[in-house]
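Chemist: The residues making up each chain are set out below.
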Amino acid sequence: MSDQIREQELPGIGRRYSVQADGGEVSVVIHHSGRRDIYLADTTGHQPPAVATLSDDQARRLGAVLAGAYFQPTLTRQIEAVVGGLLIDWVTLRPDSPGAGRSIADLQVRRQTRMTIVAILRGDDVVVVPEPTEVLQAGDRVVIVGRPDDLDGFVRHVAG
Amino acid sequence: MGLLAATGGESGRELVALGAALLIAGLLARAGRRMGLPTIPLFMAAGILTGPHTPGPVLIRDPADLGLLTTLGLILLLFHLGLEFSLDDLLAGGRRLLAAGAAYLAINMSAGVALGASLGWGGREVLVIAGIVGISSSAIVTKLLVELRRLANPETGLLLGIVVVEDVFLAIYLALLQPVLGGAEGAGEVAASVAKGVAFLVLLVALARWGRGPVGRLLGTGDDELLTVCFIGVAVLIAGVAANVGVSDAIGAFLAGQVVAGTSVAHRVQRLVLPLRDLFAAMFFFAFGLSVDPGALASVALPVLAAVTVTAIGCVVAGVIAVRIQGLGPSSAANIGLTVVARGEFSLILATLAVAAGLDGRLGPFTAGYVLVLAIAGPLAASRSHLLARRLPARLFPTPALSGKVSP
Numbered sequence: 001m002s003d004q005i006r007e008q009e010l011p012g013i014g015r016r017y018s019v020q021a022d023g024g025e026v027s028v029v030i031h032h033s034g035r036r037d038i039y040l041a042d043t044t045g046h047q048p049p050a051v052a053t054l055s056d057d058q059a060r061r062l063g064a065v066l067a068g069a070y071f072q073p074t075l076t077r078q079i080e081a082v083v084g085g086l087l088i089d090w091v092t093l094r095p096d097s098p099g100a101g102r103s104i105a106d107l108q109v110r111r112q113t114r115m116t117i118v119a120i121l122r123g124d125d126v127v128v129v130p131e132p133t134e135v136l137q138a139g140d141r142v143v144i145v146g147r148p149d150d151l152d153g154f155v156r157h158v159a160g
Numbered sequence: 001m002g003l004l005a006a007t008g009g010e011s012g013r014e015l016v017a018l019g020a021a022l023l024i025a026g027l028l029a030r031a032g033r034r035m036g037l038p039t040i041p042l043f044m045a046a047g048i049l050t051g052p053h054t055p056g057p058v059l060i061r062d063p064a065d066l067g068l069l070t071t072l073g074l075i076l077l078l079f080h081l082g083l084e085f086s087l088d089d090l091l092a093g094g095r096r097l098l099a100a101g102a103a104y105l106a107i108n109m110s111a112g113v114a115l116g117a118s119l120g121w122g123g124r125e126v127l128v129i130a131g132i133v134g135i136s137s138s139a140i141v142t143k144l145l146v147e148l149r150r151l152a153n154p155e156t157g158l159l160l161g162i163v164v165v166e167d168v169f170l171a172i173y174l175a176l177l178q179p180v181l182g183g184a185e186g187a188g189e190v191a192a193s194v195a196k197g198v199a200f201l202v203l204l205v206a207l208a209r210w211g212r213g214p215v216g217r218l219l220g221t222g223d224d225e226l227l228t229v230c231f232i233g234v235a236v237l238i239a240g241v242a243a244n245v246g247v248s249d250a251i252g253a254f255l256a257g258q259v260v261a262g263t264s265v266a267h268r269v270q271r272l273v274l275p276l277r278d279l280f281a282a283m284f285f286f287a288f289g290l291s292v293d294p295g296a297l298a299s300v301a302l303p304v305l306a307a308v309t310v311t312a313i314g315c316v317v318a319g320v321i322a323v324r325i326q327g328l329g330p331s332s333a334a335n336i337g338l339t340v341v342a343r344g345e346f347s348l349i350l351a352t353l354a355v356a357a358g359l360d361g362r363l364g365p366f367t368a369g370y371v372l373v374l375a376i377a378g379p380l381a382a383s384r385s386h387l388l389a390r391r392l393p394a395r396l397f398p399t400p401a402l403s404g405k406v407s408p
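Chains as they are written, first to last, in our numbering: chain A, 1 to 160; chain B, 1 to 408.
Because the hints were derived from the structure by calculation, they are not lab data.
Don't be surprised by glycine CBs; every beta carbon is placed ideally from N, CA and C.
The reader is advised that the hints may include incorrect statements.
Now the stretches of chain A that chain B is said to cover, found in silico as 3 or more residues with beta-carbon under 8 Å [said to hold, decoys possible]:
{"#": "1", "region": "9–18"}
{"#": "2", "region": "34–42"}
To give an idea of the chain B side of the interface with chain A (calculated C-beta under 8 Å), a few residues [said to hold, decoys possible]:
{"#": "3", "residue": "Ser11"}
{"#": "4", "residue": "Val16"}
{"#": "5", "residue": "Ala20"}
{"#": "6", "residue": "Glu84"}
{"#": "7", "residue": "Leu91"}
{"#": "8", "residue": "Ala92"}
{"#": "9", "residue": "Thr142"}
{"#": "10", "residue": "Arg149"}
{"#": "11", "residue": "Ala152"}
{"#": "12", "residue": "Thr156"}
{"#": "13", "residue": "Leu160"}
{"#": "14", "residue": "Val164"}
{"#": "15", "residue": "Gln270"}
Construct all of the structure, not just a fragment, from the sequences and the given hints.
Modeler: Here you go:
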């Protein structure tokens, strides 16, 4: 265990792992039965802790979400602007992104995500209004426009 | 044995009685759960209410009719304890935890000896009473911590450590109690009884230590059904052999649990034994209730009151000492004291062994009253521990800065 996570045996119950978070301490108790309790104590300690109880299965799913298996907001998002309800943004593709190595037509970007790719920044090159046949590559910074609500769908579909 | 031997119409009547008894016990315990009460006192209450000593319908006239079923309850309670128990847990806690546990035991056992001596029920009874009032109910304590949402509290590791020390002590205490229960007289007989018991224990401890391979292979099957049948067989067989060589079935069952704990199937057995333990332990508590005559309860009211008072004070003092050793604050002391005050299965097991060995019959109603009061009042007090924490003098806690976390 790292320094940041404290581990304690709770005989007859299971194990407890505590981590200091902003504004309080988060403790996870793993029962022998597989049940998990998540305790959230505020720093003042005067409030009773908030507690969530999860089954083994639910805990694993939540763990996957926390670990970023479903969505990782690590894509560099340097510009983000909403102009009159229109979002202009860019995302960077990683080698393991679902869009890397596939063409815009192949990805059916507009039909699947309702976003439009208006430019691709690839190294020093700039592809303005790429053709549907353009193949996206790892490291591409893809400039998109669309409705703000559709951004997450695009990120899932193309950047992963 | 009645239940097992019964046939025909007799069997129908007994099955109706048993089924109704379990159902009443279960529903009563469910109602109690809503008020935050543990199951043990309510199973006992169901036994008292439907038993022969109270008005209303009598389901089961004689607790002996449940004979083997309740013995299985006792065996499974201790088998499970042996299974969960690990010396590593104890040693991992370090010297402070051992000191806190030893302080707890010293205070509460000596209070028990003093109480037993002042009751004047006899020398052997004094030793049994010391155990009855000295040892907490680990079942109630663990359940209470989960339900009061105190698992993340700073004192919880310490509190559970004290309970582990108590469990270790219980195993040794049961072994030492054997000559007392066996009715050995004279130094020679006592020595022989102790020697026989110790030899058997050494054999089992050796089996637990080095026999995990063969025992694991004996039990090792991928099939849960076969595993269940085999491990119950091992537990009951060892408990039975223990009883036959003059060591109690209780300690035999505990060590059977220790033997299985070292094997590769330990985790599966831990899971499989729970529903069986819950069922048969419920019958054990119910049968204990059946044997209780409210009239006899009234006659031991004063000793019960004295024992409850002594235990409550002893536990709070032990809680204060424990948190001083660890550098925690008053709320931790109140939480520990009012949680470990719960009494349950071990007190009832000790009383059952004592009464079966022919010791003073008043031990039965005394323990029933004592457990009923503390198993109900203990959890209710634990949930209001902040009221006690406020009244504990601050000078008892020299380093209040360390007590930052105040628990609910």
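Chemist: Each of the hints needs a verdict: does it hold here or not?
Modeler: Hint by hint, here is what the structure shows:
| no. | hint | in the structure |
| --- | --- | --- |
| 1 | 9–18 | holds (count 7) |
| 2 | 34–42 | holds (count 3) |
| 3 | Ser11 | 36 Å, violated |
| 4 | Val16 | 34 Å, violated |
| 5 | Ala20 | 30 Å, violated |
| 6 | Glu84 | 6 Å, holds |
| 7 | Leu91 | 11 Å, violated |
| 8 | Ala92 | 6 Å, holds |
| 9 | Thr142 | 5 Å, holds |
| 10 | Arg149 | 5 Å, holds |
| 11 | Ala152 | 4 Å, holds |
| 12 | Thr156 | 7 Å, holds |
| 13 | Leu160 | 5 Å, holds |
| 14 | Val164 | 5 Å, holds |
| 15 | Gln270 | 7 Å, holds |
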